[in-house]
Structure formats: C-alpha cells, structure tokens
Amino acid sequence: MVALPRLVLAAPSTGQGKTTVATGLMAALRSAGYVVSGHKVGPDYIDPGYHALATGRPGRNLDPHLVGEERIVPLLLHGAAGADLAVIEGVMGLYDGRLGTDGFSSTAHLAVLTQSPVVLVLDVAKLSRSAGAIAAGMAAYDDRIQIAGVILNRTGSAPNLAEIVRSMDRAGLRVLGALPRDDGLCAPARHLGLVPADEREESARLVAHLGEQVARHLDLDALVAVAGSAVDLDALPWDPAREVTPASASRPVVAVAGGRAFTFRYPETEELLCAAGCEVVTFDPLVDPALPDGTQGVYLGGGFPEVYVNELAANRALLDDLHAAVVTGVPTVAECAGLLYLAETLHDVPMAGVVRAATAMSDRLTLRYPVATAASDSLLTRTGEQVTGHEFHRTRAVPAEGDRPAWLVDGEATGFTTDTWHASYLHVHWAGHPHLAQRFADAVHAAVPHGRAPALVERRRASAAAVAGPPDPLRHHGDRETAEGLLDFAVNVYAGERPRWLLDALYGGVDGSTAYPDPEPARLAIAEQHRRRPDEVLPTAGAAEAFALVARLRPWRRPVVVHPQFTEPHVALDQAGCRVTTVLCRPEDGFGLDPLAVPEEADLVVIGNPTNPTGVLHPAALIRGLRRRGRLVVVDEAFMDAVPDERESLVGERLDGLVVVRSLTKHWSIPGVRVGYVVGESSVVDELSARQTPWSVSAPAIAAIVACSGGAAVSESRRRAVDLARWRDDLQNGLRRRGIVQVPSAAPFVLARVGAGAHAALRAQGVAVRRADTFPGLDDSWVRIAARPPARTADLFAALDRIRLPLPAH
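Counting from 1, position 208 in the sequence shown corresponds to residue 695 in my numbering; the numbering is continuous, with no gaps.
No lab work stands behind these hints: they were computed from the structure.
Beta carbons: idealized from backbone N, C-alpha and C, even for Gly.
Be careful, since some hints might not be right.
[Said to hold, decoys possible] Derived SDA-like pairs (lysine to any residue); straight-line CA-CA distance at most 25 Å:
(1) Lys613 / Arg692
(2) Lys613 / Gln700
(3) Lys613 / Tyr628
(4) Lys613 / Asp583
(5) Lys613 / Ala645
(6) Lys613 / Leu648
(7) Lys613 / Pro667
(8) Lys613 / Asp656
(9) Lys613 / Arg668
(10) Lys613 / Ala626
(11) Lys613 / Pro754
(12) Lys613 / Gly580
(13) Lys613 / Ala665
(14) Lys613 / Val652
(15) Lys613 / Asp669
(16) Lys613 / Arg641
(17) Lys613 / Ser644
(18) Lys613 / Glu650
(19) Lys613 / Val599
(20) Lys613 / Ala658
(21) Lys613 / Pro499
(22) Lys613 / Gly543
(23) Lys613 / Arg661
(24) Lys613 / Arg585
(25) Lys613 / Arg703
(26) Lys613 / Asn647
(27) Lys613 / Tyr582
(28) Lys613 / His565
[What the hints assert, rightly or not] For each label pair, taking beta carbons as the anchor points, the in silico distance ranges come out as:
(29) Gly781 / Ala712: 46 to 54 Å
(30) Pro667 / Glu798: 38 to 46 Å
(31) Arg1213 / Ala736: 51 to 59 Å
(32) Gly1064 / Pro667: 52 to 60 Å
(33) Gly520 / Gly624: 33 to 41 Å
(34) Asp1173 / Asp1081: 32 to 40 Å
Construct all of the structure, not just a fragment, from the sequences and the given hints.
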C-alpha cells in the first residue's frame, strides 16, 4: 500500500475556474513549503504547463481512454513520487466523459479509479442560493463520489457571499474558500483554448499572483486535510524501464522539438525513450540552425506552429536540415503540429516539405477521442493494430495522391507514413501503448547518425550559414551556399583558369598600390570598349557600389525593382530609406516582364538583363520602352558578357533616362576583386560620381578593367561565352530528360523547379545549389544551378537521381 495525500478539483462545467484554482492552489502550497505534484484529467497539454510552473515539477496527465484504466493509479504514483501531496485538476464538468460511454474518462471516473476526495469549484458570479442547489445535485448524483467541500470562485458582495455560504450549509457542503472577482487571474485564450505557459513571458508572474490570491482567500490547512483523508493505494508506481528495453549499449540522440511553437508532449514519452536507451535532446525550431549533433531520431510533438509560421519559415537552415535528415532515413515521428511542420506548406508558407500535403486553417474544429486502426506496416505500427488517441485542431491537410495513410479513424484514412517516418493529427500517449516507443527507439538505435561524419558536420554548418540571410532574405547571396566538401553549383563564377595576362595585370595593380588609385585609365578603357565618351562612364567597386550610389542619387518617391532578380538594388534602396515597390515577373509568363505592371508614377525602375536568377533576356526594345520623363531606368547587365554577341545589350546606346551597370567579377573569375562600372547619360554619371567615396575603386580593380577591355580580352570573352552556352545546354538537356521544369536561360545558370526541399536534399548528397526562395516571387521548389563543365554536371545529375523528390505540378 502506498500513502499519497491527494484531492481532485472538479466543477459542474467548463469555464468555472478549475485551472485558476488548481494552479493557484499548487503555487500556494509550494510557497507554504509543500512538495506538490500537479495532474490533469484528460489529454490537455496546456493546463499541465501551468501546473509545472506552479510546482516546479513536470505536469502530468491522467486519462483512462489514452492509457487504460489499469495504468491510472501507477501513473499517478509515478508522477507524484517524492511529493507531499497531489492536486488533480478535472476536465469539463465532473461527470462529463467520452460521449456514449456513461462518463468514461470523466473527472468522476478518475476520482473513482484513484479513490480521491473531490473539491468542487463553482463560479458564483451570477448566482446566489442556486449555487447550493447546483452543488447539492453534483454531490448526490453518484454515491461513489465523495465531495469534501466547495471553493467559490468570482464572488461579489459580502451579503451575496453570505447567502451562498448559507445555501452550502443547507446542502451539507463545507466552503473551503472564496476567490473574489479578479480579471488578473485569467490566462489568455486562443482558438484551441488557453495560451501555453511556455509562450507567455508573464506566465510566471501570473502563477505567482494566483498563488498569492489562493493563499489569502482559501483555507489551505483544510484543503491539506482533505487531501490527507485519501485512502492508501494498492499499486506499484509506473516504471518506464518495465515497459521498454534498450536495443544496444549506445545512447543515440533523439531530437525533440521544443520552444514556444512546440509545447505539447507528455513527459512519459521522453521517459520511455530514455528507458529504451536514447538520449533526448531538445531543440527549438524557431532559433536553432540545425538538429542536434549526431541526431538518430526526431520527435515533433504538438503546439501552435500556425501562430509562428513566419518565424518557423524564416529559420530555413533548420527546415533544410530536418528535410535532409528525414529523407535520408532518420526515424521521425510527428504529431499534429509536427505534421504541419513537415508539410510542404502551412498557410502557403513553405515548411520542411517532407509530407506531400498543403496545410491551412479551417473553419471546422476537429475534436475527437477515437480508436485508430493502423492502415499499414510502418515505422510505428503493424497493419490492423489499434490505439487510443485524441485529435484537437483547426487545420486541415490536403494530401497528394498515392501517399500511405497512417491510420483509419471511423473508416476515414488520415495521416501519412513510410517505413522511416510517421506523421498524423492523432496524439497518442505512449505510456498507454509502449510498443510504439519500443519500435521507434529500436529504429533510432539502428539508424545512421545525421551529420556525425566530419564532412556532414561541415555541410550542416555550411547549411546554417547558407541561410543566415533569412529572416533577411534579400541579403542572402550564393557564396553562403558553398562549403568544403560540396560540389559548387551555387556561385556563378566561370569555372576555369584566369588568363595569364589578367593575372599579370592584377599583380601589377598590387605593385602599384603604394599610391592612391587613379580610376581615369579604367574610365578611358571602358569608354573605348563601348564607344562612349569618358564622361558617360564611372568605374565602381563592383555592381554593389553602383546600386548604392543609385539609391542615394535622389529622394526617390516610387522606386520599382523588377523581381525575381539580384536583390542588392532592393537592399540598397531599403538602406537609403526608400519604400520599394516590387513588380513580379511570373512563371506562367516565362518570367518575362509585362511593362504595364510597372506603375506609371515610378521614378526609378531597376531590371536585370539577363536577369539573375531566371536567366531571362528581356528585349532591348521593351527596356527602352520603360523610359519616361522624370524616370531613371537602371539595367543590371552583370551577366551580359556571357551572352554571345551581347544581343539585347543597351550599354552602347545613348538614351536619356537610362544607365547600365556592369560587373567583371563573375565572367573573369575575380569575385574577390570588386570590379564594376556604370555607363549612361553624362548628367546622371556626374551625379553618381559626386556621391562616390574617393578611392573606392582599388588599384588591382582598375588594372583588371583596363586588361579586360583590351584586344586579348575580346577573343577570350567570346570563348568563355561559348563555353558557358554549351555547358548550360548540357545542364538544361539533363534536367529536361528528368522531367524537371526549367526557365529557358541566356545566362550562365538555370532556374529549375526541382521540388520542395531540393536545396537541402542536394546538400545532403554533397551538392550546393543556390536556394531560390530568398528571391521575391520564388519558393523553395526552385533552385538556381550554375553552368559547369559536363563532367562535373554529371555528378549533379547523379545526386538528383538519388534524391527522387516529388516533382511539383507544372
């Protein structure tokens, strides 16, 4: 026999204040020196979070439907081990249980199973003597229930309170305290109930206030005496070590999602995994850039990812790492919120892309307490097995055809599963079904650690760095994608040796760096190359400086950036305090520009040609047509030198209201030397020059401009353009053979729609491509792939064949 002082706090209905009183009582007893164990009847995750804050111990659930009647007392004793007393908060009304079962899993059912005295919580804000009648009816309804007293909540005037106390005396029920009305005692609600304690910074203050109020207005000694009247229990505490066994002597890491977005999980789940030989490590999907080192299993519980969808999406590094882990076989279990996180999208925002489903909020609340049947053999289940669980959500998942469902509930297929992962809306308490924990732990022990090998660790670190731009995606550049051990298809630098004459020029520039640089030779060389006057040319420290100068040129009223394109102009305008208007080129139009989409009042228009990342070469006539009185059109021709014969270039045309920005860094394989220039009408060039920092263009850059404008450079440039075109054709043909959608490109790269999560999946195969979802107008089904020699491109094709991502709809 085991002695455990305990009491159950119940109510006639939901909304009477059970959570307020239970949490406050736990806090008050703890402050009085008691070690208190908090428990909640039913499947709810939120109330136990507040209980944990109040007691300093894990909040526990007691639910006969989820774990079976025979486990209730053992789980109570397990959770209360070392405590002086247990406070059990009921669910709904005292006698309300699973529909059609005569109160199964009700608070009354739990009180009978645990032989616990009941204290009734009654909201009397709109009552007087009728309160006594309600309490008397509750006490008389079932003679197995011992109601030891009543706590009055939200009391009003002293005369009214006295009337209610007299009604309780008449009913033969003792009043153990009366809490006055206090709006500060209410926890905020959201669409599925209370806001979880872990999500509220002021939760600790709320719980402390609850404890103070309960200590002031309730008879703690009397309540402790009620708990002490409970009979001893004839049972052994639940022990997870009796339910599961380790599959090996190792301690494989199971990564468990936590933080504000993932607050729902039963503590017994982690205890079972630990007993099965796993090391549970919590990670926060909102902030952690990667899964814990050596992860061999992933558990994604419940929570409210729909509330944090943008923050979750901004942490693209972790989503990519999670996708790579799951698709390469790391055993993964996802319940409800975990399913949303693994889906392709949540509210049209890209998520991990493992589950081929789009998820979104629904007008319909799903609330059920089902018995679910396994639809197939999977990571967790065997066909035909049944488990008890609960569902509580207001989202829906629209699956792709052909996926394996996880469960059959009331004849309806639900959830998604494979041999290595299991995702569904159904919450299952593994203490009631320990074979699920055993199967998951066995698979974890047998799995290959994710990212444990040094090369993979470096890739994962690089993956985090590669997406450090989000939550500021406009600042993300392709150089962040690369890392040691990865094949580089991310950076658009020509994959070849630099000519000897260019190296000599660079070395000469370094030798000449003892004096302040004079950009005049570069200005003259550019003017001669493009047959422009020197006053129409301005050398710059790369295209980036040119865009910064344009952004500060005038107080732009309506600047427009045509997207998707290189984001540096947009960033420069943001930094200059301009409110940028985005004009999107759409995939259904082949990413060509509709000039009517450009607002007539735009006084600045920035467009790439050919555009990065789409590779689209806009007709020169279309760009000429964008000019208006009082408008400046800026054309980014950074990749025009890779276009044979530079067709559609405007660099040689004298046009009012138009300037062209060029860059030498990619075509001549010198990204570390910032080299660029602006060509345009002289009045604009003069204004840009007046805003340029003195000596911003280095001596090596000036030397490179002069060298790359000479006769030797002309033939070499043409040869490189021909090479790039041939490499690009090889890349496009291989993508086409694999049924991969791509954008016809005139640039040294190809924008391809490989499928959601392709960026992460290719990284896991050792290939770096440029993620495209940091470009406005694109999502993570797109990647930009640099043109490389065919032998290297064959390695890319092999990686694509291995990952076998589901192709997006055209």
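For each hint, the structure was consulted:
At roughly 28 Å between alpha-carbon atoms, lysine 613 and arginine 692 are farther apart than 25 Å, so this suggested pair is violated. Distance restraint check for lysine 613 and glutamine 700: the Cα-Cα separation of roughly 21 Å lies within the 25 Å cut-off, and the hinted pair is therefore satisfied. Restraint check: the Cα-Cα separation between lysine 613 and tyrosine 628 comes to about 23 Å, which is no more than 25 Å; the hinted pair holds. At roughly 22 Å between alpha-carbon atoms, lysine 613 and aspartate 583 fall within 25 Å of each other, so this suggested pair holds.
Only pairs whose Cα atoms come within 25 Å are accepted, and lysine 613 paired with alanine 645 is accepted, the gap being roughly 14 Å. Distance hint between lysine 613 and leucine 648 is fulfilled; the C-alpha atoms sit about 11 Å from each other, no more than 25 Å. Distance check on the hinted pair: lysine 613 and proline 667 sit about 13 Å apart at the alpha-carbon level, within 25 Å; holds. For the suggested pair lysine 613 and aspartate 656, the alpha carbons sit about 19 Å apart, so the restraint of at most 25 Å is met.
Of the supplied pair hints, the one linking lysine 613 and arginine 668 holds, its CA atoms being roughly 11 Å apart against a limit of 25 Å. A hinted pair counts as satisfied when its Cα atoms are at most 25 Å apart, and lysine 613 with alanine 626 qualifies at roughly 21 Å. As the CA atoms of lysine 613 and proline 754 are separated by approximately 39 Å, the hinted pair breaks the 25 Å bound. For the hint linking lysine 613 to glycine 580, the alpha-carbon distance of about 18 Å falls within 25 Å, and the restraint holds.
With a CA separation close to 14 Å, the supplied pair lysine 613 and alanine 665 stays within the 25 Å bound. Restraint check: the Cα-Cα separation between lysine 613 and valine 652 comes to about 15 Å, which is no more than 25 Å; the hinted pair holds. For the proposed pair lysine 613 and aspartate 669, the alpha carbon gap of about 15 Å is at most 25 Å, so the pair holds. A hinted pair counts as satisfied when its Cα atoms are at most 25 Å apart, and lysine 613 with arginine 641 qualifies at roughly 9 Å.
For the hint pairing lysine 613 with serine 644, the CA-to-CA distance comes to about 12 Å; that is within 25 Å, so the pair holds. For a cut-off of 25 Å, the pair hint linking lysine 613 to glutamate 650 stands: about 13 Å separates their Cα positions. With a CA separation close to 31 Å, the supplied pair lysine 613 and valine 599 exceeds the 25 Å bound. Between lysine 613 and alanine 658, the direct Cα distance comes to roughly 19 Å. Compliance with the 25 Å bound is thereby established for this hinted pair.
Taking the CA atoms of lysine 613 and proline 499, the gap is near 14 Å; set against the 25 Å cutoff, the hint holds. Pair hint lysine 613 plus glycine 543 does not hold up; C-alpha atoms about 35 Å apart against a cutoff of 25 Å. Between lysine 613 and arginine 661 the CA atoms are separated by roughly 20 Å; this keeps the pair inside 25 Å, and the hint holds. Under the criterion of a C-alpha separation no larger than 25 Å, the hint pairing lysine 613 with arginine 585 is inconsistent with the structure, at around 29 Å.
Our distance criterion of 25 Å between C-alpha atoms is met by lysine 613 and arginine 703, whose separation comes to about 23 Å. For the given pair, lysine 613 sits about 10 Å from asparagine 647 by alpha-carbon distance, which is consistent with the 25 Å threshold. Between lysine 613 and tyrosine 582, the direct Cα distance comes to roughly 22 Å. Compliance with the 25 Å bound is thereby established for this hinted pair. A threshold of 25 Å between alpha carbons decides the hint, and for lysine 613 with histidine 565 the separation of about 40 Å lies outside it, so the pair is violated.
A hinted range of 46 to 54 Å for the beta carbons of glycine 781 and alanine 712 is consistent with their spacing of about 52 Å. A hinted range of 38 to 46 Å holds for the C-beta pair proline 667 and glutamate 798, which are about 39 Å apart. Distance hint check: the CB atoms of arginine 1213 and alanine 736 are about 56 Å apart, consistent with the given range 51 to 59 Å. Evaluation of the 52 to 60 Å hint for glycine 1064 and proline 667 yields a pass: the beta carbon distance comes to about 53 Å.
Taking 33 to 41 Å as the suggested C-beta distance range, the pair glycine 520 and glycine 624 conforms, at roughly 37 Å. Judged by the Cβ atoms, the range 32 to 40 Å given for aspartate 1173 and aspartate 1081 holds: they are separated by roughly 33 Å.
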